[in-house]
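Peer 1: Residue numbers (the numbering used here), protein chains in the order written: chain A, 1 to 303; chain B, 1 to 401.
Worth flagging that the hints you see were computed from the coordinates, not collected in a lab. Don't be surprised by glycine CBs; every beta carbon is placed ideally from N, CA and C. Some hints here could point you the wrong way.
Mimicking DSSO-like on lysine-lysine, the simulated pairs with C-alpha atoms at most 27 Å apart in a straight line are [to be verified]:
no. : chain 1 : residue 1 : chain 2 : residue 2
1   : B       : K275      : B       : K196
2   : B       : K263      : A       : K123
3   : B       : K224      : B       : K169
4   : B       : K36       : B       : K295
5   : B       : K399      : B       : K196
6   : B       : K242      : B       : K263
7   : A       : K284      : A       : K177
8   : B       : K171      : B       : K275
9   : A       : K123      : B       : K126
10  : A       : K119      : B       : K126
11  : B       : K209      : B       : K196
12  : A       : K119      : B       : K75
With the C-beta cut set under 10 Å, the calculated list includes, among others, these residues of chain A facing chain B [to be verified]:
no. : residue
13  : Y4
14  : L100
15  : R106
16  : S112
17  : D168
18  : Q169
19  : Y201
20  : I217
21  : Q264
22  : T301
Okay, here's what each chain looks like letter by letter:
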Amino acid sequence: MLSYLIFTLTLCAIYGLLALSLNLIWGSAGLVNLGLAGFFAVGAYASALATGAGAPVLIGWGAALVVGAAVGLVVTFATLRLRDDYLAIVTLGFAEVIRLVALNERWLTNGSDGISGIKAPLKAELGTQNFAWFYLGLATLVLVIVWALLRRLDASPYGRALKAIREDQQLAAFAGKPVLRFKLQAFALSAAIAALAGALYAHFQSYVSPDHFQPLITIYIFLAVTAGGVGRPSGAVLGAYLVVIFLEATRFITEWVPGLQPVQLAATREMLIGIALILVLHLKPQGILPERIPKAPVPPTTA
Amino acid sequence: MTAFTTDRRTLLAGAAALAGLSALPGRALAQGAPIKIGTLTPLTGAGGPYGPVMVKAVKAVVDEVNAAGGVLGRKVELISEDDQTSPEAGVRAARKLIDVDKVSAILGTWSSAVTTAVAPLCWESKTFLATVSGADSITQLPHQGYLIRTQPNTTLQGRKFGEFCIAEKAKRVFFLSPQTPFAKSQFDNITEAVKKAGGETGSLIYDDKKPAYRSEVDEVLRFKPDAIIFGGYTPDTAVMLKDAYRAGYTGLKVAFGYAVNQKLVESVPAEVVDKTFTIAPSPAEGSKAYARLVKMIGVASPDPYTTQVYDQINLILMAIAIAGDTSGTAIKDAVRKVSQAQGGAKVDNAIDGLKAIAAKQPVDYDGASGPCDFTETGDIADCQFRYEQVQGGKLALVKIA
């Protein structure tokens with residue numbers, strides 16, 4: 001039971017990073033990125049390939065960050081003129097492109113067999129059980145650092161400018177904000193965080209394949225950010241923990257439902273997830289931790 | 001109305017089972033804790049059509065064994081999880097089975113990616129894994145014996161396709177396939193078999209979502225093949241066959257049994273698909289185990305995966321009995337003693353097997369999917385293949401070999 005809990009919490013931290021990535025680009029800058037799974041995959045493969053070629057794990061994570069940011073820039077340039085639904089569709093397509101490249105470029109990614117035996121840092125030295133603890137600590141530490149940075153960013157003038165762009169792009173430009181630069185930076189940063197999550201996942205599981213990066217992950221993360229609170233890093237992290245714990249808890253809940261076949265239980269689990277989303281949106285449309293919009297300071301009254 | 005009645009019956013049966021369960025603990029305690037076995041099959045996602053029947057087969061065997069007194073005097077408890085045909089979800093489900101339920105063995109993983117993702121968890125936690133995935137790479141993992149598979153690997157399948165084309169006097173063989181986990185190894189092994197007989201091969205990987213394949217077919221025909229092997233699934237193979245027919249190709253056509261099935265044959269004009277051969281790993285139809293399975297689950301012709309998972313649960317329960325121990329390590333060490341013991345008593349189900357084991361007889365299990373003999377690395381040693389041909393809008397059996 002204990003190792004199961006450790007495993008689930010580690011996964012929570014990785015999902016939390018993904019939620020922070022989505023919260024930055026969607027919650028702060030207002031760009032709908034349905035390609036999250038694609039950036040997750042880019043990071044996982046980048047780190048798996050780099051460490052497979054002999055680089056230490058930290059270099060692999062660095063590679064994931066750099067490649068993730070670079071791919072993020074490319075996607076932003078390709079979608080400069082798109083907003084809203086159009087951007088969402090293109091990013092969804094992007095994730096699919098990444099999956100197909102991973103599937104077909106066998107020389108690089110080993111195709112649908114995937115890359116197995118990815119280096120797990122210090123696993124040999126620590127043993128399986130200690131490694132699980134170690135990795136939980138490591139993933140949580142990374143999550144806390146990224147969360148603290150993004151929280152700071154959120155409250156800074158930079159974060160306010162991003163939110164101004166989210167609310168009204170033209171007005172922000174009129175107020176002298178370089179909209180394009182802000183968007184590029186935010187997208188690249190968000191992509192880099194998702195890629196880092198991918199790298200953490202790859203070294204945790206020791207195996208990645210194109211099948212890992214189906215759009216379902218993106219949907220879980222949207223669910224997490226929506227439930228936790230769009231536009232607030234703490235909300236995104238809380239949402240991610242809730243989603244993973246809920247996903248796992250449904251296994252045990254459905255065991256108490258009498259008289260259902262395993263296939264019906266599996267379907268019930270998926271229904272519960274849908275119902276949960278509807279309930280959250282109905283009862284708490286702003287999420288559990290809604291965005292805090294600072295009040296405009298009252299100008300000092302002159303006598 | 002009938003559908004409703006069945007539902008209600010299932011519900012009643014379930015309720016009764018639950019009521020029975022609540023009466024159980026006292027007795028179960030007297031017998032010691034139950035032996036836990038997990039299934040990890042796809043119940044949703046791309047593998048959704050297969051998983052539910054597989055679970056049903058395992059459940060039927062477990063119920064039968066429990067009714068006959070269980071294994072080592074203990075009840076067998078089955079825990080079924082859904083891998084959602086995704087390695088990410090599969091790993092989460094496997095962790096639950098291993099860490100929370102502490103199962104002795106996991107059986108039925110279907111997608112090769114799921115199996116590859118789950119296998120390391122199994123050997124690290126010394127849990128036994130039996131799979132129906134076909135990708136060659138799986139048994140090459142460092143699994144230390146904790147893994148067996150009942151599906152013939154791609155090497156064996158590819159060789160059979162190549163040898164068949166040669167036997168049909170084709171010298172120039174072309175392999176057409178979408179990108180699948182087995183496309184490359186399939187082609188390599190076809191090539192090996194064809195080259196050995198002095199033939200030539202060519203291959204093309206195509207996108208399986210396209211509505212037409214004219215340019216692909218043109219490329220194939222430039223190779224001037226005597227035989228084309230269609231490596232795709234039903235929808236794309238139907239389009240491919242039509243385009244090949246339009247382009248005037250009249251040579252030998254060979255396809256997988258799961259692609260060119262009765263549904264495909266009925267959905268395209270007869271002349272398009274006529275004379276096409278299909279090759280598929282054959283369940284041991286006509287064997288006693290197969291007949292038992294059909295009767296147990298009430299499905300007229302169970303798919304290969306169901307026959308395989310039926311064999312897996314029988315083997316694992318017998319392995320536990322012969323080892324006198326429920327750990328994954330014990331199953332790993334004992335499984336070959338029940339699947340292929342020299343001169344052992346031939347059995348085709350766990351009940352007979354358990355009796356033979358109780359009488360200290362060696363056991364050699366022959367199951368519903370085939371003889372179930374395993375190599376050192378966990379592959380099955382041999383498997384029969386079923387060759388059929390489309391003749392006048394019907395699939396006719398050519399041979400089983």
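Peer 1: So which of those numbered hints doesn't the model satisfy?
Peer 2: Hints 2, 7, 11, 12, 17, 18, 22 contradicted; others consistent.
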